[in-house]
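**Student:** Going down the list, the sequences are from chains A, B and C. Our numbering numbers the first residue of the first sequence as 148 and each following residue consecutively. Our numbering numbers the first residue of the second sequence as 347 and each following residue consecutively. Our numbering numbers the first residue of the third sequence as 238 and each following residue consecutively.
These are calculated hints, taken from the structure and not from any lab test.
Going by beta-carbon spacing under 10 Å, a handful of chain B positions derived as facing chain A:
| id | residue |
| --- | --- |
| 1 | 435 |
| 2 | 439 |
| 3 | 442 |
| 4 | 451 |
We put the beta carbon where it would ideally sit given N, CA and C, even for glycine.
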Amino acid sequence: MRDKLIIGRMIPTGSRVHGLDPRAKITAMLLFTAALILSNGWPQLAVLAALSLVVLAATKVPFKTYLRTLRPMRWLILFVFLFQLFAGAGAEAAAGSGVVWTWGPISLSGAGLSAALLAVARMVLLIVFTAMLTFTTTPSMLGRGIEGMLKPISRGGTGAERFSLMLRLALRFIPALLEEAQTILKAQAARGADYEEMNVRQKARLLMSLLVPVTVGAFRRAEELTTSLEARGYRIGAPRTSYRQLLWRGADTRFTVLFALLPIGALLIRLIS
Amino acid sequence: MERENASAVELRGIGFAYEKEQPVLQGIDLRVGRGERVAIVGESGCGKSTLVRLLNALLTPQEGRVFVFGEELTAHNAPLMRSRIGMVFQNPDNQFIGESVEEDIAFGLEGLCLKREEMERRIEAYARLLDIAPLLHKHPGELSGGQKQRCAVAACLAMEPEIVVFDESTSMQDERSRRELLSVMNDMREQGDYTVFSVTHDADEMLAADRIIALRGGGIRGDLPPDEFFADEQLLRDCGIELPFRLKLARELVALGIADQDQGRRTKTAAAKGGSGHERHEPYGQF
Amino acid sequence: MSGMNHTDSSDPNGGIAERERETVVELRDVDYTYQAGGPFAAAALHGVNLEIGRGMLIGIAGGTGSGKSTLLQLLNGLLLPTGGSVRVLDHTLLPGMKKPKLNALRRRIGLSFQFPEQHLFEDTVEKDLMFGPLNFGLPREEARARAAAALRSMGLGEELLSRHPLSLSGGQMRKVAIATVLAAGPEILMLDEPTATLDSAARRELIALLNRLCREEGRTILMVTHRVEELLEVADRWIVMHEGRAVFCGDADELADRADELSAWGLAVPEQLRCWSEWTARLPQLAALPLPRTPEAMARVIAEAVRGSRAKPAASDALDERIDSQERGHDLCATN
Chain A
148 MRDKLIIGRM IPTGSRVHGL DPRAKITAML LFTAALILSN GWPQLAVLAA LSLVVLAATK
208 VPFKTYLRTL RPMRWLILFV FLFQLFAGAG AEAAAGSGVV WTWGPISLSG AGLSAALLAV
268 ARMVLLIVFT AMLTFTTTPS MLGRGIEGML KPISRGGTGA ERFSLMLRLA LRFIPALLEE
328 AQTILKAQAA RGADYEEMNV RQKARLLMSL LVPVTVGAFR RAEELTTSLE ARGYRIGAPR
388 TSYRQLLWRG ADTRFTVLFA LLPIGALLIR LIS
Chain B
347 MERENASAVE LRGIGFAYEK EQPVLQGIDL RVGRGERVAI VGESGCGKST LVRLLNALLT
407 PQEGRVFVFG EELTAHNAPL MRSRIGMVFQ NPDNQFIGES VEEDIAFGLE GLCLKREEME
467 RRIEAYARLL DIAPLLHKHP GELSGGQKQR CAVAACLAME PEIVVFDEST SMQDERSRRE
527 LLSVMNDMRE QGDYTVFSVT HDADEMLAAD RIIALRGGGI RGDLPPDEFF ADEQLLRDCG
587 IELPFRLKLA RELVALGIAD QDQGRRTKTA AAKGGSGHER HEPYGQF
Chain C
238 MSGMNHTDSS DPNGGIAERE RETVVELRDV DYTYQAGGPF AAAALHGVNL EIGRGMLIGI
298 AGGTGSGKST LLQLLNGLLL PTGGSVRVLD HTLLPGMKKP KLNALRRRIG LSFQFPEQHL
358 FEDTVEKDLM FGPLNFGLPR EEARARAAAA LRSMGLGEEL LSRHPLSLSG GQMRKVAIAT
418 VLAAGPEILM LDEPTATLDS AARRELIALL NRLCREEGRT ILMVTHRVEE LLEVADRWIV
478 MHEGRAVFCG DADELADRAD ELSAWGLAVP EQLRCWSEWT ARLPQLAALP LPRTPEAMAR
538 VIAEAVRGSR AKPAASDALD ERIDSQERGH DLCATN
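Chain A on its own, in the form it takes in the complex (with noise of 0.2 Å):
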């Protein structure tokens, strides 16, 4: 059986993004998702899409890849869209203005249209950058970076440690476990149960049914996985030394500023118009 999930597992491809410091992927993660949020127009999406499209080209992963990782969430898009059609047509019809179609209770905007679109653009935006930051990041790089920033706040406490770890184990373990489940789904098929056939009755009882077999074997792999940290000496707060270290060169300080100008000029767009 191969890991057929692709989210969650770094691409090695040795490109320059690659090799930036994780803490300056993150920051600029975070400053990304901050000019989404503040984009309120298509101009400024336009401009975000543009970078985001230079920045997974540099990954050297393939663009197919990218792609690839929207498919478990076309269901989330779609609801996303459907949702911001027509609620954001409704306020729009009760203001009175710009109603091109109307069915009983429901009704439809070029504005609402246009507004469902932004969010979906959004969204593919945000699923985009977060696999990017995955495919180029190992888990215990992400950890490493996320612990390195928060450490200034934690002051000593151990729950940076805790997190970072918490992180680690959960991106290794996640496919493992949805492979499990996987396989459980195929034996209950090869009982007679077959998913694909089923009504959405059916495939409601049989996913609660697959609830006791994954917590189960969570536990399991849990329990094990927890022996095995103990008995190679690991102990939250211990000392430890770092086998890699991070290091901050001029090119994650280029990145983070540039992703920094983002947000500023999304907010100030926003200002003047």
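Chains B and C: place on chain A using the hints.
**Tutor:** Showing chains B and C alone in chain A's frame:
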């Protein structure tokens, strides 16, 4: 001689239960000398894995005392002791913490507070020893079960422990990986620097031990060298162990008068010596 | 001469050399590629051709990643071939076909995955056993009867029916999990490494149960293992998978002839073959005989040969002649 007499592990009057009223181990007394190689056997659920987890305080007994290198194991010295006892478990997936082989080996070394140069040296040395140097930068998802298990052994040995515990480490492996692991274990034995415990169902692993400790009903049912162990049919049955084909055949031949008792015993020893099954065996029985 | 007669009568192939068996599984040039066409495409099977007769106990051997688990999943339609054709009972599975409703097939060919005890999910053993039969449309009472019968077939008592699966011992859980597949009454039972991580006595017991399912209940059994040794005594035929190809199909004697290749296929030479080849090196007249499967049979054959050579040291000509005729017979069988 002195070294051999020094004890690596000593258990005195150990009692352990996960739940009250259901003791898993009772009244266990055991002494294992430095450099010994011990196989711990018995039916599933007889407390084999529990026993070895007491050695590095992964579990704490309700009764009795555990001594490691002559020092009593306490909550205080447990962390230090853990660095002297390495463990390799059954499922390689659930002991792989890093996202690459290199990071996984480094994980334990970071806990030892080693300098980066020393970590690099050990990673390189132990990867070479276990023949996984080309895999150092691979993600565990890209490795086979056997490769993962060899990485687990490398990660364990890189911490340079004095006692190594294999807890059913070969049982999930395919034949090729099982043999590779067995030869790693044999090399470790020949090198003589390690005291090795292996919890196992595998006859080859048992045959390669100096001493077999059989658990049953929470106690030690037998503590014998392999040739005597495999000669005791009742003991084998009690431990859920099937006599290996080679020994069964030898026994049948003795019964048919093709080989005499004495030769039968010698074949057992021969099988024990070459039990890991690489080299050709001398056919037994003279006529 | 009496020795020869003796071994003839104990020939382990005697009972299964029937020519006219109904073929229940037939694979023609089967390819399978995971995520075909995608960026992570990985071929798992190449040009596999196989035929399996009804009522046989088949051992499928191979190392990790040899494609043996993929093979099983092709046979009950969990995977569709990406090339060639798979015929199982009266169903034919072809590449790119619209996924047919497969329960009619899956009722008749059961698959027990590796570590099946991890897939139990109901709160009693009985409910778990009834899950399959109910899905395949059996009435509740019938399903209940099947559940109890399956448990008995696996050598377990009915007092387990009301227990929670997680309260059983490891060995019991394994057998219950296999019984959940058996409960649907499949004609073909496929098991993926059912003996993994069990101790040797439990392995032997499980294999004896599977052998009984085959001989007494007439089920076709396909068992994947990486340990040829454990199944050699009872398997009628062997399929060896290596790097996605079926590199060997035949019985134990033919496998014995190719013992040299086993380690290249990622398999250990089973102790039976090892011991046998040591003895045949010593007593060349043994080489012509079929491989005795049990230690008792092997010891008997060896004893006969030893006594024969002790009694008539000058009879080597007669012996050679016998071997010649034996060998010719063997050749005829192989080319058939």
